[in-house]
Every structure is written in C-alpha cells, then in structure tokens.
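Heads up: the sequence lines are chains A and B, in that order.
Under the working numbering, the letters of the first sequence match residues 1 to 53, in that order.
Under the working numbering, the letters of the second sequence match residues 54 to 240, in that order.
Mixed in with the good hints, there may be bad ones.
[What the hints assert, rightly or not] Here's a subset of chain A near chain B, in silico, CB distances under 8 angstroms, partners left out:
1) Leu8
2) Ala10
3) Gly18
4) Ser29
5) Trp33
6) Val39
7) Ala46
8) Leu47
[What the hints assert, rightly or not] Derived list of chain B stretches under chain A, where covered just means 3 residues or more per stretch with a C-beta under 8 angstroms from a C-beta of chain A:
9) 85-99
10) 136-142
11) 159-173
12) 197-208
[To be verified] Calculated from the model, a selection of chain B residues having no Cβ within reach of chain A, i.e. all distances over 10 angstroms:
13) Ser62
14) Trp63
15) Lys66
16) Leu72
17) Val76
18) Val80
19) His120
20) Gln122
21) Phe126
22) Thr149
23) Pro176
24) Ile212
25) Ala218
26) Thr223
27) Val238
Calculated from the structure, these hints are not laboratory results.
Given the structure is predicted, the values throughout are model-derived calculations rather than measurements.
Even glycine gets a Cβ: it sits at the ideal position worked out from N, Cα and C.
This is what each chain is made of:
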Amino acid sequence: VLTRLTLLNALLPAVGLGVLVGAFARNSSEVGWIFALLVCSAVVTALAQQTLP
Amino acid sequence: VHRNQAGRSWISKAAVYALASAVAGLVAGAALGIVGGLLPLDIRLAVGSILAIAAIAVGSLELFGRHMQPLQFDCETPQRWVNKGAWRWATRNGLTLGFGATSRIGFWLWYVIPLGAFLIGEPVPSAVIYGAYGLVRALGAVVIILGMIRLKTDISDRIIEGYGAARVLTAGQLVFLGVATAIVVGL
Chain A
1 VLTRLTLLNA LLPAVGLGVL VGAFARNSSE VGWIFALLVC SAVVTALAQQ
51 TLP
Chain B
54 VHRNQAGRSW ISKAAVYALA SAVAGLVAGA ALGIVGGLLP LDIRLAVGSI
104 LAIAAIAVGS LELFGRHMQP LQFDCETPQR WVNKGAWRWA TRNGLTLGFG
154 ATSRIGFWLW YVIPLGAFLI GEPVPSAVIY GAYGLVRALG AVVIILGMIR
204 LKTDISDRII EGYGAARVLT AGQLVFLGVA TAIVVGL
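Okay, chain A solo, but in the shape it has when bound (with noise of 0.2 angstroms):
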C-alpha cells in the first residue's frame, strides 16, 4: 500500500513533471532551464538537510 501511495504520489508527478519541463526547455533556453533546476535542487537539499540528525 505504501510503495502505490508512493508511486502515485512522487514518482508519477516527477515523471510527469520532468517530461513536461524537459519537452519545454528543449524548444526554448536549454541551458537556461538545467540551471534552474539544478538551482531548485540545490535548495530541495539544503532544505532536506535539516532533518538530518
């Protein structure tokens, strides 16, 4: 039950999300957009990071 919830929750909205933004940046700045999310993953970890013990 946990792993669909999971699935449905994360993987397929990552999946989803990650089709959408890469077809996008592919026919516009593409360098542009890797750098943005790299930026958003760079906070994402940072942020993830405080409930580290």
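Fit chain B to the known structure of chain A by using the hints.
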C-alpha cells in the same frame, strides 16, 4: 539591555555562520565550474546524460522503498570546535556545512550540486548553484532557531521526524531532474 546585547550578538554570529556557508559554496562551485570548463562540451553532455539515467534509477529505487545510504562521511562537525569560541565555531561550521562533502550528506540529491556545478563548466553559474545550497543550508538552521525562540518550544525533534518525507521529496526531485535532463541533453 543585556538581553538586547545577547540578541544582537546571536544575530551577528548567525550572520557570520550564514556568510561562511555561502562563501564555501560559492568558492567550491566556482572551482568546480573552472575545472569542468576544461572538459569539452560533448563529453560533459555525454556524462550528463549518463548521470541523468542514474538519477532516475536511484530516485525510483528510493521511492520504491529500497533505501541506499549515500556515500558519505557519516558524521557531524566536530563538537570540540565549540571550545574555540563562538566566532570561530560559526565560521568553521559555516564553511564545513556550506561545502557539505566532509559531513553527513543524508540524501543522494546532494550529489547533483557538485556534479551539476562541474558539468555546467562555467565559474559564475556553478558558483550560484553551490552558493545557493550553502546559503539555504545555513539560513534554514537560523530560521529554525528563530522559530524556536519565537514559539518558546523545542521543535527540533519534530523537524527530525520529517526525515522520511524529506527522503521522498529528494527522491522525487532526483527523478524529476533526471527525466528533464535526459530529455534536454540525452534524447
């Protein structure tokens, strides 16, 4: 007056901590960008494609509940630094956490930061990526402490309880980034 002086002192140490953390990230990012720039763009794109697939695989495994501990120095910053004085502790702790690699990483998503900074291959954007990490990592701790002061309660246990949710969030971000990157540079 004493309380105000203590408050001001605390804020200035928090500012030094955040600044040191951001500087560590900026310097590490700029260095990685310079070194990465020495590699031809084709090679960086090829490596980026392979890493994008790896990100999808690792993120998916995490979301399927197969937790793999990231390669890391599984330790905190040394406690003995507290004995060196508050200013030196703030500076050293900030520099160490802003760099990140020599203390507990916790999440596979962390690797995106140095690898991304390296593969971007330009000092300024690479410094911004790593510097954003350093700044937010330090400011996050400062905001939590300010929140605890304001709420007059210790919320650190509740924040640590969010580790499971943070793992799902970072794994989802890893898959999202991997899919988008694979489409942009790989396919």
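Hint-by-hint comparison with the structure:
no.	hint	in the structure
1	Leu8	violated (10 angstroms)
2	Ala10	holds (4 angstroms)
3	Gly18	holds (3 angstroms)
4	Ser29	violated (10 angstroms)
5	Trp33	holds (7 angstroms)
6	Val39	holds (5 angstroms)
7	Ala46	holds (4 angstroms)
8	Leu47	holds (6 angstroms)
9	85-99	violated (count 0)
10	136-142	violated (count 0)
11	159-173	holds (count 9)
12	197-208	violated (count 1)
13	Ser62	holds (24 angstroms)
14	Trp63	holds (19 angstroms)
15	Lys66	holds (19 angstroms)
16	Leu72	holds (15 angstroms)
17	Val76	holds (15 angstroms)
18	Val80	holds (15 angstroms)
19	His120	holds (12 angstroms)
20	Gln122	holds (12 angstroms)
21	Phe126	holds (13 angstroms)
22	Thr149	holds (13 angstroms)
23	Pro176	holds (13 angstroms)
24	Ile212	violated (6 angstroms)
25	Ala218	violated (8 angstroms)
26	Thr223	violated (5 angstroms)
27	Val238	violated (7 angstroms)
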